[in-house]
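Novice: All chains should be modelled from the sequences, with the hints used to inform the complete structure.
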Amino acid sequence: MFGQPTSPRFRAALAGTLSAGLVFGLAACGGGDSDSGSDTDASAAAIDCAPYTKFGDIKGKTVTIYTGIVTPEDTPHIESYKPFEQCTGATIKYEGDKSFETQVLVRARAGNPPDLAIVPQPGLVKQLVSTGKAVAAPQEVSDNVDKFWDKAWKGYTTIDGKFYGAPLGASVKSLVWYSPSEFKDKGYTVPTTLDELKALSDKIVADGGKPWCAGIASGDATGWPVTDWVEDMVLRTSSPETYDKWVSHEIPFNAPEISTAFDAVGGYLKNDAYVNGGLGDVKSIATTTFQDAGLKILEGQCSLHRQASFYAANFEKGTKVAEDGDVFAFYLPGKDANTKPVLGAGEFVVAFADRPEVKAFQTYLSSDVWANTKAKLSSGWVTANKGLDQANLTNPIDKLAGGILLDPNATFRFDGSDMMPAAVGSDAFWKQSTAWITGQDTKTTVDNIEKAWPK
Amino acid sequence: MLAALLLFAAVMGVILFIAGRFGGKRGDKVVAYLYLLPAVLMLAVGLVYPGLRTIYQSFFDAAGSSFIGFDNYGTIFSDKDQLTVLRNTVFWVVVTPFVATAIGLVYAILVDKSRFESFAKALIFLPMSISFVAAGVIWKFVYEYRPDQGNVKQIGLVNQLIVWLGGKPVQLLIETPLNTFLLIIVMIWIQAGFAMTILSAAIKAIPDDIIEAARLDGVNAWSMFRKITLPSVQPTVVVVLTTIGIGTLKVFDIVRTMTGGNFETSVIANEFYRQTFNADNQGLGAALAVLLFVLVIPIVIYNVRSLRRSEAS
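These protein sequence lines map, in sequence, to chains A and B.
Heads up: the first sequence begins at 0 in numbering that gives the first Met the number 0, then just goes up one per residue.
Heads up: the second sequence begins at 0 in numbering that gives the first Met the number 0, then just goes up one per residue.
No lab work stands behind these hints, which were simulated from the structure alone.
No residue lacks a Cβ here, since even glycine has one placed at the ideal position from N, Cα and C.
Any given hint could be a false lead.
Straight-line distance between alpha carbons at most 20 Å, and here's what the computed EDC-like set of lysine to aspartate or glutamate pairs gives [as the list claims (entries may be wrong)]:
#	chain 1	residue 1	chain 2	residue 2
1	B	79	A	440
2	A	450	B	70
3	A	269	A	194
4	A	385	A	406
5	A	442	B	78
6	B	79	A	449
7	A	202	A	271
8	B	152	A	291
9	A	150	A	243
10	A	132	A	406
11	A	92	A	353
12	A	339	A	243
13	A	150	A	406
14	B	167	A	271
15	B	139	A	406
16	B	167	A	280
17	A	385	A	139
18	A	454	B	60
19	A	282	B	143
20	A	282	B	147
21	A	269	B	174
22	A	269	B	147
23	A	450	A	440
What follows is a list of derived Cβ distance ranges for each label pair [what the hints assert, rightly or not]:
#	chain 1	residue 1	chain 2	residue 2	range
24	A	217	B	218	41 to 47 Å
25	A	217	B	292	30 to 36 Å
26	B	46	A	48	49 to 55 Å
27	A	59	B	51	40 to 46 Å
Specialist: Structure representation (structure tokens):
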């Protein structure tokens, strides 16, 4: 039939090899442009080249790295590789692709994987390892991870006793965005316990406002912001231990603790008095994109928006994101002021080749040297690398997130849906949560998700 | 690229060389088969093998490791979500081809030989040139919802009309099953132009003497349509109907861009992508793909047959 398109995305998925080759060409061109980037001071900083000499002479060798990080966030990445390239004479080929998460699996299964992939979910790391194409991380990387990261992080990518990927960046999800100036004008204070958060919400309602705004639309990933809410609430209404059991399916998805957490979220999101400032009724959450929802804070339509640290990038240029600015975030409080569960996420570097230059570059990426180089170059980026000097974080929200991540009293837990099997973590949990927002009851929701768990 | 060109040249060289060695009457046949060989090989690698492989995979579980017989097909016809998918696909296939063809036919007749014919045709043909994804994005704005709160203004055409008529704005895309029909409208919007173009050509191909003879007999417009136009273009109508029908069965982009298959709007093509890539359930994904394949076959056969029949007459 006349140019009847079967979706371009679908075709791309099947012809993964071909399209990856095309994207590759484009990415190579993009990389050339960013060479003229202005931020050369940090990348020009000399680093100690000694850790990489033991991999032999890798001058002129090329390492390909494939990621879902695209413009503009890719620039600081490409810049941060320069000290390594200068040290060793190797070239890093950066390839960013928005549909990375499906393409990387297609490429691995088709036998055409990149040298390295920056994988944002432990679940996906597991799937990649199961293709048999992933290569365990070298000893040097393993040592770096032992030295610079909390033990839990290593566990996320240790599969059948083998360690596959060092963590790279991290984000803090347990944040609530608010307007500091509004809080000052109306005399609100940042809550330090869940009860205070509820009281604050009620106070805003009493003042004639809708405290919360929320949006969960996100293309084919619609529903994920609800999963973050639920995860945060499992950590707060139960315990981190219950959370771990839930994620690893030692307790079923429809266990009473999880229903409790859902209902706690419902207390906010499915409460017509609380939502959805300037956006509609409860159902409007399902059709509002997560990017748009929080912007209503600036318009004064709502006061609170729970979203991760990366949300700072969504406010338009000129918005002051700071403790004394137009908008800022506070830590989503625990049950009481003493417990401090933190929900977060991060990326991992997984290798598909064990050539010396690949190992050397992996070692660089897992070092404190890289973490600090990257921190100086970028804004809106943090890592849980303990070698990070927090003075290198430039903007206030990065400082806040970095402070929470590296706080010794915090109990960090990785985004649960990212660790569950794909059938749950990137399908049933999202889909059922969306149905839940538009009216489905909690019991049906958790029962349906439990049913989707692979046997 | 260069390697591919060289390979192509080499293959052609070899074939031409071998073909040159045969002569005479029986030689022609051999040469014909030789020329067919590369195309057949490519079809085998690019179409037949993946097709068989998909059928094979559809009998395996999510990870593709253990044989489960027809369980995936059982799931499609028993699971509540999958039944919704089937129901929606039926809606799409029943409504889209007929409405799009009807609109195209009526439009083609109305503008035929009018003063603004080419302009009027261009107008309805334009959506054809827009990709399904772009069409989805455009219509998402048409259906966009803003709440009835304070001085919030509507930005979607449909809700603005509702407000002007004194109604309250509706969240169109989450109202089941209304939302499926709203998505179908997008497909009709695209395909009506296609139907109009083909049918207009068919109408123009009706011999002038027949029309003149009918006019002399004093036939009115309706009889002209019933007795002359429709029977003359009937084979074309069938082709258009079936072609749009096949396209509709495969609809994916519109659903994916507008609702992502949420709010009970998923269709087979979208569901099989979702199962394969989001849910990592290769078996069920393959089974849905096979089902799609099976559903398309009768339409294709009918299409080919009616084409042959019209060529024979």
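Novice: Going through the earlier hints one by one, which of them does the structure break, listed in rising order?
Specialist: 10, 15 and 24
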